[in-house]
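Join the two chains, each given in its own frame, into one complex according to the hints.
Top to bottom, those sequences are chains D and Z. One point on numbering: in the working numbering, the residue at position 10 of the first sequence is 10, and numbering is uninterrupted. One point on numbering: in the working numbering, the residue at position 71 of the second sequence is 133, and numbering is uninterrupted.
Note that these hints are calculated values from the structure, not bench results. You can trust all of the hints, since none of them are fake.
To give a feel for the contact side, a few chain Z residues facing chain D, derived at Cβ under 10 Å: (1) Arg197; (2) Gln234; (3) Arg238; (4) Ala239; (5) Val246; (6) Phe249; (7) Met252; (8) Tyr257; (9) Ala260; (10) Thr273; (11) Met277; (12) Leu283; (13) Pro287.
C-beta atoms are modelled at their ideal positions from N, C-alpha and C, and glycine is treated no differently.
Here is how the chains run, residue by residue.
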Amino acid sequence: MSILIVMIPLSILLLVGAGIAFFWAVEHDQFDDLETPRLLPLLDADPSKADAESKPGEDDAR
Amino acid sequence: MSAHALCWHCGEPLPPGADATQAIVAGVAHAVCCAGCRAAAEWIDRLGLADYYRLRSVASPRPDDPDRASRAAEAWRRPALARYAVRALPGGKQEALLLVDGIRCSACAWLIERTLGAVAGVASVRVNAAAQRARIVWDPSRTDLPALLHAIARTGYSALPLDAAALDDARQRESRAALKRLVVAGFGAMQAMMYASALYLGGLDRIDPATRDLMRWFGLLVATPVVFYSARPFFGGAWRALRARTLSMDVPVAAAIALIYAASLIDAVRGAGEVYFDSVSMFVFFLLVGRYLEMRARHRAAHLADAMARLTPAFAERYRLDGSLERIGALELEPGDRVHVAEGMRAPADGMLESASCRVDEALLSGESAPVRKETGETLVAGSIVVEGPAIVRVTQVGADTIAAGIAADVARAQTERPRLARAGEREAAGFVARVLTLSALCAIGWSLVDPSRAFAATLAVLVVSCPCAFALAVPAAITRALSLLAQRGVFVVHADAIENIARATHVVVDKTGTLTDPGDVVVHADDTALALAGALARGSRHPVAQAVARLSCAVPMKIATDVRTTNGGGIEGRIDGRDLRLGQRRFALGDVSACDDDGAVVLAEAGRVIATFHPAERVREHAHQALAALAADGLDIEMLSGDAASRVSAIAARLGIARWRARQSPGDKLDRLRELRAGGARVIAIGDGINDAPVLAGADVAIALASGAELAQATGDVILDADRLQALGDMRAIARETLRVLRQNQRWALAYNLVAVPIAALGFVPPWLAAIGMSASSLIVVLNALRIRAPFGASPPAHAAATRLRTCP
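Pulled out of the complex, with its shape left as it was, chain Z reads as follows (with noise of 0.2 Å):
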């Protein structure tokens, strides 16, 4: 058995000497690195669930503390937060969409189904993985949302109501819609097509009359639902574009469907001349087809966006009369109250500092990367992050009210926004369409000089032929494969804009703890007391290296830290049992500026003395070579930044291959850094941790945050690239060039096909038929060519080839 070494439940490296801590699944033993693993382990065994672990492709996400959680689940049973998660259905019957963070694969889904499924009273549950969504349907009067919070919460997920209205998901109406209208439009133009191949071979073979009509009367029939149903986005838009005084691709689209249309109809009608009803339900399909890929990649960023989006918390701790702290929901805050905002934590509402003075993170706001320093009195904004903490709150605005919630509107606005290469496209398109239009024009009145007879065929191919479609798709069609396949890597776009910027960058800066390597296992010089000491310290810390400390001190009795202030860079101080401790780098443990801190050691101190020594054990992530070494290949410049002392960085870069590091770099720093290279011309894609490194990223042309598990939720960046998949950053690169190569490619090959094909069908050589069958040829081409986008030979596998290979062994 090879689960020495890592955690049964959650796969995180076990804390040394904790043999004690071990869960029985299906009879056997397992180690597992703490309490809450070993819950969540027992308690699926106990469903009768453990097969999970058999199915599960990823290792499961660490569960929270328990008690912790349990708590979060009781405050939903406070009706005023209720009302806001929960929604009656006819029948008696209660509603909620929650927000599962941690699903991470299909066995995720599959347990949280079974264990929701095993709760008494509950009538259906939907999961949806990748949405990170479950749906549930419950009996109020057997099991209520605080139930089933905590039945997820105990099996290691942690789970957010949703806000009731996002039951009528906007997204969700949009992408049915959109399928309805482009099968129709599908059905539609198979019959029609069939049809119409009766006429045009009945031509040949002299069809008798009655036939013909017929054959017209039926193309009518199934071209209609094409025109008013399928194509009414297309009028809608034509429409708002007129309004607007603007001239949109839907202008002559429009334009071109009801005039196939509309003389169709009237040549039907009166047993005379040609009917297009095949042309025009084709050219309906065609473009729905482009328009619905391009909605499932704005779907797809924005699912994303959503759960990165929670820019303010749904709970906050309020002060009661007597000073001690209330868990309550956000929503319930009025202004007045005071609320204590933990270190790393988001301000619930817009408020007043009354304590001492912090920093906080108000890049939400101000789009400033730097955390700022806010004294007594001063206001912070909700969804602020306090970087160092605590903060005390006085309440003065709250929900609607906040700046937050206007921002929010905004992101919403910004996630339907499309990326820029898409806009430049379109206003290409524009301007293309305008000189289609004239063009019409003139063809009409110049045929209806020469031959008033074929005026009308000549001019209804320029507008057909010319379809500015394939300028449309060449953008989204490209866009969209690389954004699926980036996907299946595990690299998450959520800026489409990136794709551009990574394909153009020269230079490339990492950091190095948390995104290079993974901090590991500590060794400690210390009893336990220390031990403790040091752990209450760490916990409140999201540093790596923090973090790797206080699951050390799981294994001793736990001791509070009060007063616990964090400084970038530095360490953490506070104060336990009326000592005051600083742990950190020797520099700043010991408050001494002089201090050799070379060996990277963390010291607990107390008073400039040393408690304890911590040595963290780094072990350089797997594929972390691989994924340097192809982006070096690809002629990119490496530069490592990091906070750590210059020995093990150089130790580190030299095992890594990387020429260029700097040692010792604040985040101010790394930032300076940032933006010399970027004065100097380069164009710069940032890496790091997306929780410690987030303003560093900003200032970036390309921000890549690593995360993993429940932290991919919490981290922002342009790309959000899953930690374990670090060798995907080659693939990523190659990726985004051949994306750009294709693009331009599309885009040439749309302005050569239109160049030669509107001059043809303007001197009448092209039927509309043949035209339809042109244009739509066109945009196929343009489609075909972006599902050439392919990762290079050799490529990591996509992560769902993974995910189908069942793990048979933890």
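For reference, chain D alone in the conformation it holds in the complex (with noise of 0.2 Å):
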């Protein structure tokens, strides 16, 4: 039983890491707003580059 004395305090130090990460997120804006994050990698397309491949001459991009 004598190993618990170290995974205990181990696993309390990683909770401790865990809590201060967290704590830098939330002071971080990463939970201001929850609702616009989550649809914007379905966006976020480079539209640059998709221009460039369909410039005037060509079919409507749609």
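Laid out in structure tokens, this is it:
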């Protein structure tokens, strides 16, 4: 059982680490808007490239 | 291509004969309705952001007149205004928070981020679509605020810089702190539970005393931040309540937390007895979950109300000494200045009316919904809307001295208030708290007479098991769920009381034009000159038919009208090129009371002679029939009140299956009818377009304002409904009723649980850890029960589902 004396403090250290990471995330606006970002990856194609491929003369990009 | 009828950019119907206006986007020409839309579309294309059109799920807002927008942007160059909106950051950068009107979906947020990101000198842009805010950091040596506002305006959105003080948003701080406390409590509860289970299992398995003590100390280690950090709001609340000599729910909660923690601490130190670090952590965690949910709902409503409670405008039009107008910030006004307030605009400061009499809507001040007539020399309050104007005002008080500023403070206070249902729930809980504290004391005394060794455990069990949080959560959990369900469907509940009122309503009163119908095209019998005259008059009015006429007149050379006055329920009169003209219902336009105007036409007349006739061709809104049928099926009496002619009203009523209707109703008539219904014991839902119908809406039990786009922010009502989502009305009623049902269920459950659990605990049959589980489970049941609130089967899909369905074709 003496391994617990090492493992439990270790788990608490990990916990504190996770807590610090979370506090950091909260302070850096990661939790302020939970609605918009979930859709952004779907939209975030690089528009300049997409545009370059569909320059005038080609078919409608739609 | 199906883009014949609608504008490629803003989705509004194209004016007939406007083939000339086309925007070239990604090499393809698309028809747009006006020069503003063309400029916005081509600007977006030039920035290489044409993908926006592929990504968006909702049509874009109709851009403001570009000239006006850029004038507005330039005004922010003035130092006095810039000081208000811009904050200097360390390192020479500047920061501002903008309220962007017209953000409708994530594609809008994407477009704005890209557009601003493309401006040289912008360091970072963050757009929050939910709150319609954009936070921008830029390098002042390379760009400035007007340039940024201009960039936004060119894409068709209008942005209003907010007070720099709002950058440190109180709500944001509150929500961050709550989240941190919640997570600390969650972590703590998990760990404490783990050590506690080792102790409980060890109790059966003969744990050796050294390990047992170790587990206790670790328990203490994780429970301490939970009690001293996460639970601080409870101690604070209890202290405030006690100082005010009242009992809040925080009092027994704080007492229980302190007692459990102190007792466990003593036991851990002396190495005997029991520790309850797991119970206390879990207790705090579950309470915080409930509080967090409630706070989220409150903030959502407040964000929405923020956009609406723009009581005073940011700008004023001040007369220079030579009589010309200059546009300045409302903050720069000084007592003694003369300002011009156009019709439909809000007064920028308190002042004395200098022009001839006008009518103003002071609803924000007096609650009196009908517009009031003001004579020369009377006081005009900042934030009141000039309904019939324009007005010239000599400023007497500005800024924080105005009556409106005081009201804004009141509004802010009201926003933090809870809905009536929640307040009733709280009162109930407070009474319950008093009984619990008494019972605990009795229990402690009783047990110390019978068996002092069990007194502490039994008292603790009573305190914990009877935790009033099931009571406290019963209402907010249900309301939060309902609010979020409704918001997903494009229904924004501004006053949470509305849910109760909607569920209990018996009558629905609807407006016709702009609510059930959409004044689409106007069939015109006029030459271009007459059209230009009519357009000049119509441009100043917000009536849907007038706006349709104004749109139509875009195609012909513009004229300017002066001395424009509006008569509600009649029409518009004004002077153009020295001619006195009237546009409106035949009766009004001809000044002839006996004129027959049952054809519903709008007439342009000069001195009793008809110049042109406009026949508005109304379209019944999509889903209007479905929405009304759903409400009628739910047992509501539906009545249509319209200012329009009888023949047209009856035609629409027949098409929509409305049995009862009244035509030719002035706003006053409508209000009287509402009073009559309510006097008869009916609870009335009024549905209108939120701007023209605001006074009528204010007279109902629940006001539902329909609005679209930028107008969403200006509409006033208990509930704001996206005008394109009328079908949500049926869902709204169903959800409201379901909410009320679940809420009652929750309250009954909380009562039943407490009635059963408390006596058992008082008799000493419940160990504190079991009490903590019982309490948590009872709160959890309340929350889970609230999650059962759903929209009825076959209901309209939530708005976000539509938003994720990327549109491929306009």
